[in-house]
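> Given next are the chains, with one letter for each unit.
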Amino acid sequence: QKEVEQNSGPLSVPEGAIASLNCTYSDRGSQSFFWYRQYSGKSPELIMSIYSNGDKEDGRFTAQLNKASQYVSLLIRDSQPSDSATYLCAVDLKTSYDKVIFGPGTSLSVIP
Amino acid sequence: ETGVTQTPRHLVMGMTNKKSLKCEQHLGHNAMYWYKQSAKKPLELMFVYSLEERVENNSVPSRFSPECPNSSHLFLHLHTLQPEDSALYLCASSQVGTGVNEQFFGPGTRLTVL
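Residue numbers (our numbering), protein chains in the order written: chain R, 1 to 112; chain F, 1001 to 1114.
Hints listed in this document are in silico derivations from the structure and should not be mistaken for laboratory results. Idealized CB from N, CA, C, for every residue including glycine. Possibly wrong hints are sitting among the right ones.
To be verified - Below, a list of computed lysine-lysine pairs in the DSS-like style, where the Cα atoms sit at most 27 Å apart:
1) R:Lys42 / F:Lys1040
2) R:Lys99 / R:Lys67
3) F:Lys1041 / F:Lys1022
4) R:Lys56 / R:Lys99
5) R:Lys99 / F:Lys1041
6) F:Lys1019 / F:Lys1040
7) F:Lys1036 / F:Lys1018
8) R:Lys42 / R:Lys67
9) F:Lys1036 / R:Lys99
10) F:Lys1019 / F:Lys1036
11) R:Lys56 / R:Lys42
12) R:Lys94 / R:Lys56
13) F:Lys1036 / R:Lys42
14) R:Lys56 / R:Lys67
15) F:Lys1019 / R:Lys42
16) R:Lys99 / F:Lys1040
17) F:Lys1018 / R:Lys42
18) F:Lys1022 / F:Lys1040
19) F:Lys1036 / F:Lys1022
20) R:Lys99 / F:Lys1022
21) R:Lys94 / F:Lys1018
22) F:Lys1019 / F:Lys1041
23) R:Lys42 / F:Lys1041
24) F:Lys1019 / R:Lys94
25) R:Lys67 / F:Lys1018
26) F:Lys1041 / F:Lys1018
What the hints assert, rightly or not - Which chain R residues face chain F? A few, computed with CB under 8 Å, are given here:
27) Phe102
28) Gly103
29) Pro104
So that you can see chain R by itself, here it is in the shape it has in the complex (with noise of 0.2 Å):
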């Protein structure tokens, strides 16, 4: 089993609706967890982060995280064109460095 899963997409939404971002991981103990967005050519960029079960707003965004289920998503409201890009799910395992993973990514396309 592969240790941080993404739908690769591409997922289309219309300009203005809810684009949903889907993630699922392997290992019960990780505690942190990260949302990067990566234009195409470009590296990839923080936008969100998350530790607590529950739900995390910032402006647009919201992340959603789920421990027991072991699953986080991400939702952008009134998604913009120039939210276009690939959003690459990241999971801390907790080793002795704190070693991260990076799912596929989701490549997201919003129709003006």
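With chain R fixed as given, assemble chain F onto it according to the hints.
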């Protein structure tokens, strides 16, 4: 300079060349990472240095040789590469041991091996 910087941004080299990639972090972090990202593939962790000690070498071929002279600088020395090594090479840094291992990436070096 702020954040994580990488030089050069683009590199074209022949299979017999020797070159080095440089990364510098200005965030006061204690861990640095090299990742490889090939087209349409996930990020591949190559090397990790935590407190200037290499703690992970993820089955990377010996033609890639990392060096971490201090907590702010990281190098990746390249020699006799193969065309399949063409990729985006990303450096990242983080502060480990605090329970908040947020990694911050540099802009990357786009490497083409002819």
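> Given the hinted pair Lys56 of chain R and Lys42 of chain R, is their Cα-Cα distance within 27 Å?
holds (26 Å)
> May I ask you to test the interface hint for Phe102 of chain R with respect to chain F, counting a Cβ-Cβ separation under 8 Å as satisfied?
Result: holds, 4 Å to nearest chain F Cβ.
> Against the 27 Å threshold, does the CA-CA distance of Lys56 of chain R and Lys67 of chain R hold or violate the hint?
holds (14 Å)
> Has the given pair, Lys1041 of chain F with Lys1022 of chain F, been kept, meaning a C-alpha gap of at most 27 Å?
Status holds; Cα separation ~23 Å.
> Sort out whether Lys1040 of chain F lies within 27 Å of Lys1019 of chain F, counting only the CA atoms.
Holds, because 25 Å separates the two Cα atoms, which is no more than 27 Å.
> Would the pair Lys94 of chain R and Lys56 of chain R pass a check requiring their Cα atoms to be no farther apart than 27 Å?
Since the Cα atoms of Lys94 of chain R and Lys56 of chain R sit roughly 21 Å apart, the hinted pair holds (cutoff 27 Å).
> Is the Cα-Cα distance between Lys1019 of chain F and Lys1041 of chain F 27 Å or less?
holds (24 Å)
> Against the 27 Å threshold, does the CA-CA distance of Lys67 of chain R and Lys1018 of chain F hold or violate the hint?
violated (46 Å)
> Can you confirm whether the C-alpha distance between Lys1036 of chain F and Lys42 of chain R stays at or below 27 Å?
Holds. Lys1036 of chain F to Lys42 of chain R sits at ~13 Å (cutoff 27 Å).
> When you check the alpha-carbon spacing of Lys1036 of chain F and Lys99 of chain R, does it fall within 27 Å?
Holds, at roughly 16 Å.
> CA of Lys99 of chain R to CA of Lys1040 of chain F, is that 27 Å or under?
Holds. Lys99 of chain R to Lys1040 of chain F sits at ~23 Å (cutoff 27 Å).
> Is the hinted pair Lys1041 of chain F and Lys1018 of chain F satisfied, with a Cα-Cα distance of at most 27 Å?
It holds: about 26 Å lies between the C-alpha atoms, which stays within 27 Å.
When held up to the earlier numbered hints, the structure conflicts with 8, 21, 24, 25 and fits the remainder.
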